[in-house]
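Participant: Protein sequences, first through last, are from chains A and B. Letter by letter, the first sequence follows residues 1 to 305 in this note's numbering. Letter by letter, the second sequence follows residues 1 to 607 in this note's numbering.
Please keep in mind that the hints were generated in silico from the structure rather than gathered at the bench. These numbers come from a predicted model, not from an experiment. Please note that a few of the clues may not be correct.
Stated by the list, open to error - Calculated Cβ distances over 12 Å to all of chain A for the following chain B residues:
#: 1; residue: Val200
#: 2; residue: Gly408
#: 3; residue: Gln438
#: 4; residue: Gln441
#: 5; residue: Ile460
To be verified - Covered, in the sense of this in silico footprint (three residues per stretch, anywhere, with C-beta under 8 Å from a C-beta of chain A), are these stretches of chain B:
#: 6; region: 91-101
#: 7; region: 375-384
#: 8; region: 428-434
Where a beta carbon is used, it is the ideal one built from N, C-alpha and C, also for glycine.
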Amino acid sequence: MSDVATVTDSELVGPAVVHSDRRPSEWVMIIHQAWRMGRTKIGVGILVFIVLLAVFGPLLAPYSPTEFVAAPFSSPSAGIWLGSDYIGHDVLTRVLYGGRTVITLALAATVIGLGMGVTLGLITGYARRWIDESIMRILDAVLAFPQIVLALLFVSILGPRLWLIVIIVGLSHAPRIARVARAAALEVAQRDFVHAAEALGVARTKILFNEILPSITSPLLVEFGLRLTYSIGLIAALSFLGFGLQPPAADWGLMINENRMGIVVEPWPVLMPVLLIGILTIGSNLIADGLGRALIGIDRDTAGV
Amino acid sequence: MEATAAVGPATSVERDAVLTVNGLTIVLDPSGVNIDDEVSLAIRHGEVLGLVGESASGKTTTATSLLAHQRRGAKIAGGQIAIDGRDVLSLSPAQLREIRGGLISYVPQDSSASLNPALRIGTQLMEVLEAHGFGSSAADREARLAQMMAEVLLPSDKAFLRRYPHQLSGGQQQRVAIAMAFANRPKVIVLDEPTTALDVTTQAHVLDTIRDLTKSYGVAALYVTHDLAVVATLADRIAVMYAGRVIEIGTRDELFAAGRHPYTRKLLSSIPDITGERALRGIPGWAPRPGQRPSGCAFAPRCDWAVDRCGEQFPPDDGPTPLHRVRCWRWREVGAQAVAQDFFLRDRSAGLGESREATVIGVRTLTAFYQRKETLHDITTSLSERRCLSLVGESGSGKTTLARCIAGLHPHKILGDIEFRGTALPRDARQRPQATRQAIQYIFQSPYSSLNPRKTIAQILSQPLKVFFDLSRSEMEDRMEKALEQVALDSSLLNRYPDQLSGGERQRVAIARGLAAEPTVLICDEVTSWLDVSVQAAIIELLASLQRDMGLSMLFVTHNLALVRSISQEVAVMNDGRIVEYGQVDAVLGDPQSDYTKKLLSDTPTI
């Protein structure tokens, strides 16, 4: 495999070496490249660990998350390994229960942001002129607001609803993703296969999604990883501020808030969710970083061809 | 020549050589695949050796290895390179720095990419002199700088030297690169296709400059090119490379008049002939890439002369004289056949004479803009039924703009009329009737850009079929196979992706996509400019036969005047957004009226 890659990567222009009928597409190759990096492996390891914890945690939890098991802020002991929180719930149980929301919401928000951003980016990158100008200026205006401020604005007006958080966080990602998609689409839209489709009279939406989109998947893959990291942080922050799940539900962000006054007495109820959110973002960031590096590497290799 | 000398290394060339390359073998690093296989060359003082080969023949790899440079992933596995008695491959990095630009210098293919865009050209030229400690004082170097500029026919005043590379034309940039290469009076100079990016007129001037400088400095020059016509006027001797090996080497006259290798012969017959005496003939297939090269003689699969032995064993070094060497088992038989027999005479009766056919496409007082700038001025011309009109001109002449206007692909303002069978057409292809879009098909210049790399050939070919016809799955497959058959490709390619095909195959796919729409007009925009000469000839043959057999009207856009005779009946010569001459091909090329056409004709390299 590596031998074949070296030959195809060469600057020599001519018939390709690989004559198999099927061939991995570029983003598969990027994932493959990225996987060879230690950072990606660590990132994936972390992500898999935390996702498994969030998904299967509740099955392992010794108590119910709303069950009072000890006096508030009890230290760890037999039976309650991480002690109890501000009203006497088992910290371990709540940690095991509390990851689901942040992970699902972050993922959903990123997917929404990607969908909106890619669509806007493709349209602006292909249409240009006044459509491009007007959409991009609006997006610039949205970009001027820090994401958290934007989210707080809407949530405080419309009330703390989970679906709202997902949409707002997604929306706040869209301009950033749109910029990346637009930059990539601008370049692809100049290529002759797009002109060829235009000359045939292929519909504009088909050109966007069938001709241009497949050629810009790689930078979008990297962007997805990066935005996921931000989503996790944002959603944890919103729920820390009390706009996410409401007590007595178990949620990492909320746990930090609930227990912060007792941090000097008993650090575990705060420390555990902080630690988990922290390594979750590190994990997804390592993956995004690995993908980004792989993307640059691959771009460089095929630049001459 | 020195035919009396004993066969072996001690030929006169090798005794007097400034540069000798012996058994040079270059491999790709982890895989060990050969790029260059035992390449041996020698060049004397004041001699130009043309190194000719198609893509992937290893010619550029050979050229850069003379400076002990390998591209990433390549490594020298054996052989010697000696310049003026110094073994280049055993030098330390510091010593290499000293000889590069001093003892041996390099002129790259694309000087716009090799000159530093952030430095004034005077500064860059001075750097080269200073780096090698030329002369004893700044005044010496200043004098040398002025002398160099004069030699490459550029002004040497302060204002010019203070320019940045982007403020020069392509030809001027290449001259600066040449001046830089000759600056320190090197013994050896390597020129890597330095004129491919240039227009013919500029190319002719640059070639003249190179010829004069190599003679007057007594430099041994290696001129790498894929175009035999370019070295025909320049080189003293020519080495032909194929699949990493030198398969024939000899003087220019020996090779052109009596080439002994079948590949050399084929290569000659694929050069377009501006006089129109002989037809263009391509070489079937393509040059194999490293790692795919067949055993024995790598050319055997494409060779008419091939016998069983060719596939088994690479022929030994042999030849009619010690200086004319051939690597072919049957060189005696090939040599016995006169060169002229290879040249099929062109069927000159075909389609000549005045056209009495109806006009298919009429262009009337067309003026086109690029943003605010007027790029086409008042163009009036027409294309008749079943005829081929060539649009010829240098870069910037507006020929592609005109073709794109006709195809409805010009995104800027247009004044005047474009008519299809008497009906005026809207500017934008999208606004045109479906039937017109189907009738006019456009083939793009670069098959590397015109085929979506994420789609299979089947998906690419199905696009026009889906847009224009309502077909069942099996009908669709039949049509796709038929389209591939028309361009002489196998239907097994349907599941491949474009990057699994050669450049020539890709361009055939692009043509097949055009044909699948069942057009009546085919617009070909520089369709061969990205291809090797042998592949170019094959594509021209194909287009000519398609036009003839299917009764297509064709607009053939090209910068290569030599191609015009092989394909078209009418020609329009364009310069600066205007048609400067128009008429029957034989009339225009045989007796050009405009000065511009005359100049283009005299500057076009030919053999």
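Participant: Compare the structure with each hint and give your call.
Facilitator: Evaluation of the provided hints:
Its beta-carbon lying about 23 Å from the closest one in chain A, B/Val200 satisfies the requirement of being farther than 12 Å from that chain. For B/Gly408, the requirement that its beta carbon stay farther than 12 Å from each beta carbon of chain A is not met, with the minimum near 7 Å. A cut-off of 12 Å between C-beta atoms contradicts the statement that B/Gln438 is not in contact with chain A; the least separation is 8 Å. Not every C-beta of chain A lies more than 12 Å from that of B/Gln441, the closest at about 8 Å, which undercuts listing it as non-interface.
The claim that B/Ile460 lies off the interface is violated: its Cβ sits roughly 8 Å from the closest Cβ of chain A, which falls inside the 12 Å cut-off. Closer than 8 Å: that is the beta-carbon criterion, and the region 91-101 of chain B has 0 residues meeting it against chain A, so the requirement of 3 is violated. Judged by the Cβ-Cβ criterion of 8 Å, the region 375-384 of chain B is not covered by chain A as claimed, because only 0 of its residues qualify and three are needed. Counting residues of the region 428-434 of chain B whose C-beta lies closer than 8 Å to any C-beta of chain A gives 4; at least three are required, and the coverage claim holds.
The earlier numbered hints that this structure contradicts are 2, 3, 4, 5, 6, 7.
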